[in-house]
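Colleague: Based on these hints, arrange chain B on the given structure of chain A.
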Amino acid sequence: MTGTRDIQVTVNGKAYALAVEPRLLLADFLRQSLGLTGTHVGCEQGVCGACTVLVDGDSVRACLMFAVQADGCTVETVESLGRIGKLSPLQESFHAHHALQCGFCTPGMLMTATDLLKKYPLTTDDEIREGLSGNLCRCTGYEHIVKAIRAVKVGDAP
Amino acid sequence: MKPAAFEYVVADSVANAVTTLSEAGSKAKILAGGQSLVPMLNFRLVRPAILVDINRIPDLAFIEEVGDTIRVGALARHHQLEISPVVAKHLPVLAAAMTHVAHLAIRNRGTIGGSLSHADPAAELPMIALLLNAKLCLVSSKGERTIAASDFFRDALTVAIGEDEMVAEIHLPKLPQNTGWGFEEVARRAGDFALVAVAVTVTASDDEVTEARIALTGVGSTPVRMQKAETLLRGQKIETKLVRQVVETVRAAITPDTDLHASSDYRRHLAGVLTGRAISAAWKRVTETIA
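From first to last, the protein sequence lines stand for chains A and B. In terms of the working numbering, the first sequence opens at residue 1 and continues consecutively. In terms of the working numbering, the second sequence opens at residue 1 and continues consecutively.
With the rest of the complex left out, here is chain B:
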């Protein structure tokens, strides 16, 4: 289990990295944290002729507050997101999700740009990007474009990114005032990929939900938002009966795969249970904030 030989290019800027990508066509791969790519290299599941190491690009690991948005550089590591005071203040659900990602040694290396580009169907960050209405800034030698997370994840390990493009920044709108959050995950062991994970935000005013978001991972080839279930919560007070209705709506909306780790039915069951718990946790947090 050793990687095939490759040409190693150290990029010193995003421009430099994407120039190499555009010249190399499909032969090159970006090496960010390497926590998903290097195992695939070790197994020789992928054999890129060129690896473009972006780890030495200065100032690409930032987490900064700009107006109503938190801007995160592609090289920000999972552990940075886990402990960032800016994330804790404005996007606490992101910080909470990070503690479920693999293990400290992996979180020390793994990056946000890498996780979103890799798009594992059971990973936490793609789901959180979808929950938080993230926008991804993609750069190529031809220019820049911005794409919503909802348009980015196309299939398992498949995203709307060109061979000559890289994710440079992720823009995450701050959560509105009076928002509570819930994050629930079941995995076989701590740090394993989720069998199912659910993230919820509930924004309220005067005891009523003004906005609710529900995102799931592990229930299909990409993370999903549950728009129909979200609509059910809007304008309502959170009560047991309503939560039960939302849970049934979520269960009806998904068709999880059966695999080695869990059956489709079990995943659907989990999706419901975890959605109910996440909504309750979010509601508890928001009512405590308002009170």
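Looking at chain A on its own, in the form it has when it is part of the complex:
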């Protein structure tokens, strides 16, 4: 029997201490153990990007990491960005530019964009598109998502 491990992890500024099975994926830990269902689970093989979260500030696929590996780490999910009535500038920009339809990919898009804005100059739309290439959206055709991120980059967000 493999048993459980005690882990301590800070998620969206709140400290948690839980026992987890080593095989529990970080994505399932966030959703099922902590009830933070903003992080979506699509493909569970690192392809769709819906489960992207920040671990110690870097974007990662929460389906390609075990919760036990986040022991001692700081995790930020989409719930950290803003809330209804007080959205973050990036979320406001997604809203203003109609950058979502069904919304399934949106948490991953937002967390990916957060890391992209931090790490790359994003001087062209091609760069933004390349940065988003690991996040699948089946509704929007990406055009409005690119515009939303561009607006934040140039300080033109609503």
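Rather than coming from a laboratory, the hints here were simulated on the basis of the structure. Heads up, some of the hints might be wrong.
Pair ranges (Cβ atoms, derived) [said to hold, decoys possible]:
1) A/Leu87 / B/Arg154: 51 to 59 Å
2) A/Gly141 / B/Asp265: 27 to 35 Å
3) A/Gly72 / B/Arg47: 47 to 55 Å
4) A/Gly3 / B/Thr231: 54 to 62 Å
5) A/Gly35 / B/Tyr266: 46 to 54 Å
6) A/Cys139 / B/Lys2: 24 to 32 Å
7) A/Thr74 / B/Arg189: 48 to 56 Å
8) A/Lys14 / B/Thr287: 39 to 47 Å
9) A/Lys86 / B/Thr19: 47 to 55 Å
Pairs of lysine to aspartate or glutamate, EDC-like flavour, derived with a Cα cap of 20 Å [as the list claims (entries may be wrong)]:
10) B/Lys174 / B/Asp259
11) B/Lys2 / A/Glu21
12) B/Lys135 / B/Asp155
13) B/Lys29 / A/Glu21
14) A/Lys118 / A/Glu21
15) B/Lys27 / A/Glu79
16) A/Lys118 / B/Glu82
All C-beta atoms in this analysis are idealised placements derived from N, C-alpha and C, irrespective of residue type, glycine included.
Modeller: Frame of chain A; chain B shown alone:
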């Protein structure tokens, strides 16, 4: 799609990791960045009884300059290689290749040691290791050994590494003075595995090529160096006719597989086109350096 249960061992040193490996025999797997292993675990394509997590080994993610060599720890992440000033200065072709590897979230986690050990036949890092004449330092509980990249990649997803060994360091000789580089890749979408990718370095003095290296990935079960084509360039000036001859030599030297993504003929076509472009880019860079 959830992994089967496994015993989870956190290694706090390379010695500790390989001791666990030697005790566990074929039952254990090393967990580095996990960007290839975890999908396979999720699909239960692999079901190791023990996972040895090396992510908490201190100081295994270094990138340092030692004499004529850049030494890279097995845990250095793709994104670290992408933005490292040391890599940018001495091995710019490596930095350029990293931008083609998957996506930022994958590059934040994926490691050099993991990519080389996994040896996907269309991955960029194995090809770059071959191009740069890398040496890999393998450690087991019995000791250490060094193996050249050219002896390391044996087949698709198959490398010359024992069950009780792990890649601990990668040594990459700096590129010589007056060297230009080219990197060309075609993939279905940005970040996908390469249909074909080509990396070239050209070293010149007085308008003549003194050394040329050409490596390809996506054209066989392992990355390949094109020695015959490299020889054609040595001692020559780069001209259209010569590049065409090199392109034909490369096309004749490979027998790519047909798969879901591309036919053998299309891959051979791409290999030629991309080789020509990469040589031109390398030559342009080196002539600008000399001028």
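Colleague: Please go over all the hints and tell whether each is borne out by the structure.
Modeller: Hint by hint, here is what the structure shows:
1. A/Leu87 / B/Arg154: 51 to 59 Å: 53 Å, holds
2. A/Gly141 / B/Asp265: 27 to 35 Å: 32 Å, holds
3. A/Gly72 / B/Arg47: 47 to 55 Å: Given a distance of about 28 Å, which is not inside 47 to 55 Å, the answer is violated.
4. A/Gly3 / B/Thr231: 54 to 62 Å: 59 Å, holds
5. A/Gly35 / B/Tyr266: 46 to 54 Å: With a Cβ separation near 49 Å, A/Gly35 and B/Tyr266 satisfy 46 to 54 Å, so the hint holds.
6. A/Cys139 / B/Lys2: 24 to 32 Å: 28 Å, holds
7. A/Thr74 / B/Arg189: 48 to 56 Å: Between A/Thr74 and B/Arg189, where Cβ atoms are some 31 Å apart, the hint is violated.
8. A/Lys14 / B/Thr287: 39 to 47 Å: This hint is violated: roughly 58 Å between Cβ atoms.
9. A/Lys86 / B/Thr19: 47 to 55 Å: 52 Å, holds
10. B/Lys174 / B/Asp259: 36 Å, violated
11. B/Lys2 / A/Glu21: It holds: about 12 Å lies between the C-alpha atoms, which stays within 20 Å.
12. B/Lys135 / B/Asp155: 18 Å, holds
13. B/Lys29 / A/Glu21: 18 Å, holds
14. A/Lys118 / A/Glu21: Violated, at about 33 Å.
15. B/Lys27 / A/Glu79: This hinted pair is violated, its Cα atoms lying about 39 Å apart.
16. A/Lys118 / B/Glu82: Given that 20 Å is the threshold and the Cα spacing comes to 15 Å, the pair holds.
Going down the numbered hints, you'll see the structure goes against 3, 7, 8, 10, 14, 15, while the others check out.
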